[in-house]
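Chemist: Take a look at the letters that make up each chain.
Number of protein chains: 2
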Amino acid sequence: MTSTPRTPPADVLSAAEVADLDAHWRAANYLSVGQIYLMANPLLTEPLAPEHIKPRLLGHWGTSPGLNLVHTHLNRVIKARGLSALCVWGPGHGGPAVLANSWLEGSYSETYPGIGRDAAGMGALFKQFSFPGGVPSHVAPETPGSIHEGGELGYALTHAYGAAFDHPDLVVACVIGDGEAETGPLAASWHSNKFLDPVHDGAVLPILHLNGYKIANPTVLARLPEDELDALLRGYGHDPLHVEGDEPEAVHRALAAALDLALDRIAAVRRAAREDGVTERPRWPLIVLRTPKGWTGPKEVDGLPVEGTWRAHQVPLPGVRDDPDHLRALEAWMRSYRPEELFDPSGRPTAQVLRYVPEGPARLGATPYANGGLLLRDLPLPPLEDHAVPIDRPGTALHEPTRVLGGLLEEVMAATAGRRDFRVVGPDETASNRLDALYEATGKAWQARTLPTDEHLSRDGRVMEVLSEHLCQGWLEGYLLTGRHGLFSSYEAFAHIVDSMVNQHIKWLRTSRRLPWRRPIASLNYLLTSHVWRQDHNGFSHQDPGFVDHVLNKSPEVVRVYLPPDANTLLVTAGHVLASRDYVNVVVAGKQPGFDWLTLDQARAHCARGAGAWEWAGTEDGGREPDVVLACAGDVPTLETLAAASLLRHHLPELAVRVVNVVDMTRLLPHGEHPHGMPDAEYDALFTRDKPVIFAYHGYPWLVHRLAYRRAGHPHLHVRGYKEEGTTTTPFDMVVRNDLDRYRLVMDVIDRVPGLGVRAVALRQAMADVRTRHHDWIREHGTDLPEVADWSWDG
Amino acid sequence: MTSTPRTPPADVLSAAEVADLDAHWRAANYLSVGQIYLMANPLLTEPLAPEHIKPRLLGHWGTSPGLNLVHTHLNRVIKARGLSALCVWGPGHGGPAVLANSWLEGSYSETYPGIGRDAAGMGALFKQFSFPGGVPSHVAPETPGSIHEGGELGYALTHAYGAAFDHPDLVVACVIGDGEAETGPLAASWHSNKFLDPVHDGAVLPILHLNGYKIANPTVLARLPEDELDALLRGYGHDPLHVEGDEPEAVHRALAAALDLALDRIAAVRRAAREDGVTERPRWPLIVLRTPKGWTGPKEVDGLPVEGTWRAHQVPLPGVRDDPDHLRALEAWMRSYRPEELFDPSGRPTAQVLRYVPEGPARLGATPYANGGLLLRDLPLPPLEDHAVPIDRPGTALHEPTRVLGGLLEEVMAATAGRRDFRVVGPDETASNRLDALYEATGKAWQARTLPTDEHLSRDGRVMEVLSEHLCQGWLEGYLLTGRHGLFSSYEAFAHIVDSMVNQHIKWLRTSRRLPWRRPIASLNYLLTSHVWRQDHNGFSHQDPGFVDHVLNKSPEVVRVYLPPDANTLLVTAGHVLASRDYVNVVVAGKQPGFDWLTLDQARAHCARGAGAWEWAGTEDGGREPDVVLACAGDVPTLETLAAASLLRHHLPELAVRVVNVVDMTRLLPHGEHPHGMPDAEYDALFTRDKPVIFAYHGYPWLVHRLAYRRAGHPHLHVRGYKEEGTTTTPFDMVVRNDLDRYRLVMDVIDRVPGLGVRAVALRQAMADVRTRHHDWIREHGTDLPEVADWSWDG
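Listed in order, the protein sequences are those of chains A and B. In terms of the UniProt record's numbering, the first sequence opens at residue 1 and continues consecutively. In terms of the UniProt record's numbering, the second sequence opens at residue 1 and continues consecutively.
Keep in mind the hints are simulated off the structure, nothing from the lab. In this text the structure is predicted, and so the values were computed from the model without any measurement. Cβ coordinates follow ideal geometry from the N, Cα and C atoms, glycine included. Not one of these hints is a red herring.
Footprint (simulated), chain B over chain A, 3 or more residues, beta carbon under 8 Å:
1) 421 to 432
2) 461 to 467
3) 553 to 563
4) 694 to 707
5) 781 to 789
Just the calculated beta-carbon pair ranges, DEER-fashion:
6) 769/A with 338/B: 46 to 54 Å
7) 51/A with 775/B: 19 to 27 Å
8) 133/B with 769/A: 18 to 26 Å
9) 113/A with 225/B: 50 to 58 Å
10) 557/B with 779/A: 18 to 26 Å
11) 557/B with 7/A: 54 to 62 Å
Which chain B residues stay away from chain A? Per the calculated CB distances, all over 12 Å, these:
12) 48
13) 82
14) 250
15) 322
16) 517
17) 520
18) 601
19) 765
For reference, chain A alone in the conformation it holds in the complex:
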């Protein structure tokens, strides 16, 4: 069916070189085991005793020897070739391995001077691992050299590609465990090579590590016939190199040869693309590394096989503190690495161990690519004046807000043409989301075949479109974490596809912000458009405004949520989030034509406050508190609120109405709960303490209650929003179905303001009648009532 799988020749290394590499590998394995088990006696200078053992044994041994092997060999080729390299450790739950290597190469002690490269430091390295007050068991922000936490699994390869884009000199190695390879996001990531430009981008070298088992089961890829696996990887566009074995010397030789072949191939691809102008998509190399799970660990424990099985996944000898047999087995295991050959009496790694360790920032634990803030430059943002829409009177002219934003993004894209440090990603929606001005400045990245009918595709484009939110998110995360800028534009409902990914990114940022050595990176910016209220082509399946709720559960120091109500406020918001650092910013904005409410200057002032009264829209007399507050957040609720305000102005002119618009949702939170939270006095002044507040909110109404429940005026807060009533229908019918329409809002006011009298009763009935008329009209005509379709602000 396919050609014979390709196994590299095994004659790259001399015996001495094998011995040196093996010494490094043994040292890393020793240090990995030590971290899982020991809180004292790190060099085994005395026989192991129960009191040397941690009371809680936590960590993942199974993947660690494989990661140590890869790190050892990456060291060699980095040093030999002067490579600029980064490694994404997919099985990052094997934290002990990456920590061990960082300690060996010295980057750990440089980052954490309290943990020296000596016996005391080794002891501290061991004790702190998975110990309260110490370091997490996974590769994490605390781990030097990492941009990737390997806990959730699925995102290694997409992070690697994100890191490689626009870093033309970089080689990103990416270890992919065969467990992770079963996940959807990873399975989709293989096709990332159709989006990587060998001229302007770096290279990704996937190392598929088949150790055969996940937690308790064999893995799918490890159990495919070799020719089937080989066909699969060729189908992914790779040229696989197969390395397999359980005899260290042979594996050292084969892996070294494979890495040399792979890197030669990468160099040849680059030369061909950059010097010879070859444009055919290359077949990138890939290494399949098949070694036993928990290799070099206990072969058997209590009569059951461990090495090479799923039983090696976490802690192979669980009883060492209480069971003398287990303790003896642990000591034998650790001594099998011959630590006395690896560390001098003071605990320093020997020269042999360090022979292939690179220097300075070439070390994987010290590369600036893994601390992207070191590489970050401010984004060149043009003056917003160049893109703002002129406003004569509010609520009369219409613009598509995202199209206005597109002009700004085009200019940023053009201004970064040389620097290449800005990308826009989206699941095939950039044009649909009205951002197509971008194509004036760049194309859509595409390395596969093209046809004459295609438009805007280009090899070096910096708009990334693929029908996978997972890839969009992962690419952008990798891009930002390595020091660049970007924006993710998505259908609002389908942002939930990456709920779990954004969790991990927020957790990463929350922890990074607490580490002084991690430099701030550009924020992850979402533009959620094609939102819940405008799903004419799609309907119920595309209606979910809950991504905002999801991110607002996470760390307040990281999360920001904005709902700009018109084009100019969107511009101001976009300018703000694109310049910000270390946040996840969620911006919800419409793509359909919507009224302009604020001039650029007004928008700036309004966005700076985050929430404020629109005096021109209300009927306050200034001297006293209003009778009612009409609050709104989001473009459609703002429209309905303004229309309701207009109805009240005409029909109940004596009612003092205040209109409040909220752009920054976190302003509603108490001051102590979020950095943007309003002090109570400010909140009370804006919303009053005891007047009815009719709040028209873009999303699920209870979110507003969840934010504002501690406010004095909360008992008087009445929120309208989306309540999962939807189908394929008109925009106005959508707001009617969810009781967010202007007529319902007027009825809410009348129901809640006491003492309005008989005119109000009549108005309420009139409003109810219009809603009935709407129901009849729309079923007959399929369109909205003329008075709705033709409405504009007349205040």
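Given the coordinates of chain A, assemble chain B onto it according to the supplied hints.
Modeler: Chain B alone, transformed into the frame defined by chain A:
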């Protein structure tokens, strides 16, 4: 690299057969176009005029001709072979196609008698499509024959496999668009064939439809060289058949031949496995169908190419109502199908059109497999007494709740050994989640290679383990939607991976419940364990209790959330949810040893109420209201609350404490907002209207406020929960970091109950001192304080 891609011979059909199939295809295409455009004049009995055109043109044409082609040809083979078949339409946004076919075969009119198979019915079919008050633009629950809404994309193939499991006679065809094929979940789904048993399961026939474009871009798979695509599909374990063309007759012949080959191959695989005992994993057939996007539609519009490009995606002629050229082009397009040959003057399809349409339930729109409730049998649930743990005194004995549940599940699994209508899915965590008793009754489904060290793998196992939450969810959805039962056990944090999938399933159920012809199906049951408070091996990346928040945003008629605090309440809850219908039930329960609090009878009574006072745990004197309510939900918060109650009992015995435990979170909602919501009087009686309530909640604390904000006592409600403070540490340190620990709860009580006096002040200081002592102790010893580790209930 690979063998030449295989194209089937093209001599299967006679000329008359081609003509008959083509007539059906043309009829379906005609009906598809009519639905997108027309609100009158369905048979074009008069020249098209603007008033015949809908005011809003909504729908997706591009994929429709391909879906119509597949449906036409599936009809033929179903009829010719007497197949039991179901089709999952991945590009279900091409709703007009599936609706057209259902109308043609008569299943539409049987389901909706108001829409007859005549001219009036055709007119109604056209008008209702994407029209307010009509039917959605996608395949949806309203669509006969469907189990799959094709809006979000990604889940077609996993739904197809779910439908095929344990339906040995069924063939599930699955159309996969090349856009959808870029998603992560779809990319992972290909390997589902390693879990499908040719003896006990049906077959899945993927039809990869490459029409070349998604919304605005070419697709990756369509632009791969043919040999690369072929290698990929072979790597997925398939034997691909390639059909390609843009000339109808040739494509009819090639597709018919490919379907015959594929079905012959499926029959041969079944025979080999079922009669000859072949156990080698078969290479299942797959059809690659390459036809133009928007085939048979306008070739050009306004001078730009449309057929065969992304411009055919939605509505190719957008201006028909206003632009006479567009209107003429539409009429020419519709007349190109020669409707006068396809429908008689009364609007009925001609005999030629219907020649290959199957009869009765064999029709794709009438198969009971797509209305799973018709096939559903009650699950045989054993008496809970057989599995309940005995309780002498509460809070003294420990059990792992999920292990106790495992015994119940084992018995259900054993009782369904013959019926084969119950499966448990999970991302490689069944044993880790302590449900391994299941392996006494069945194995883990596995068709790939096995090794002697493997355990519990079996070809016909009904536990499904794969490291992909997407596959688990999709398989289970497909299984339930076709009339069976199941459970998904997952790490709590990673349930977010399927946030967007569960959205769609909830929306499906919400809509199905409103359709009388859709019979109730078994609920989708989640067991979320390995929860936020017990992530010793993993830490911060594995801590997120927000899946509950996510589902509680969705339709209350569908969503249920339970937090049983011990083994017996988990048993009662499990018994309840496994017997329920049309819900999504989320059950959060611990797998670590936890105290037993309630006997089985007490658990039954407590779960029936959903929330109630535990009198034995409090210090009320019965006659008057308590001074304070200690409320709790979730196993760890219950433990901390009981420990706090014990401290208060000893140190402030005069304080009247009521302990309330909440199992069913939706009981906190107002009565009108959720079917389980408590009436205010009941809530007030339980929680009081004005006494402090210290609520220890399992997840994000603001969720409780979001549920209870309308209650009279809400201003006195103080909630503790998870607030994103975590790392690798001990269970008790986790609760301390998040201020949920027993000592903090006692301090909260003292802070909120007025007039407690000097003993309370001293107690508060003592509590603060223990927390300080905890901080010092844990950093030194790595374990919890002895008084915490050794605590048991002494009430």
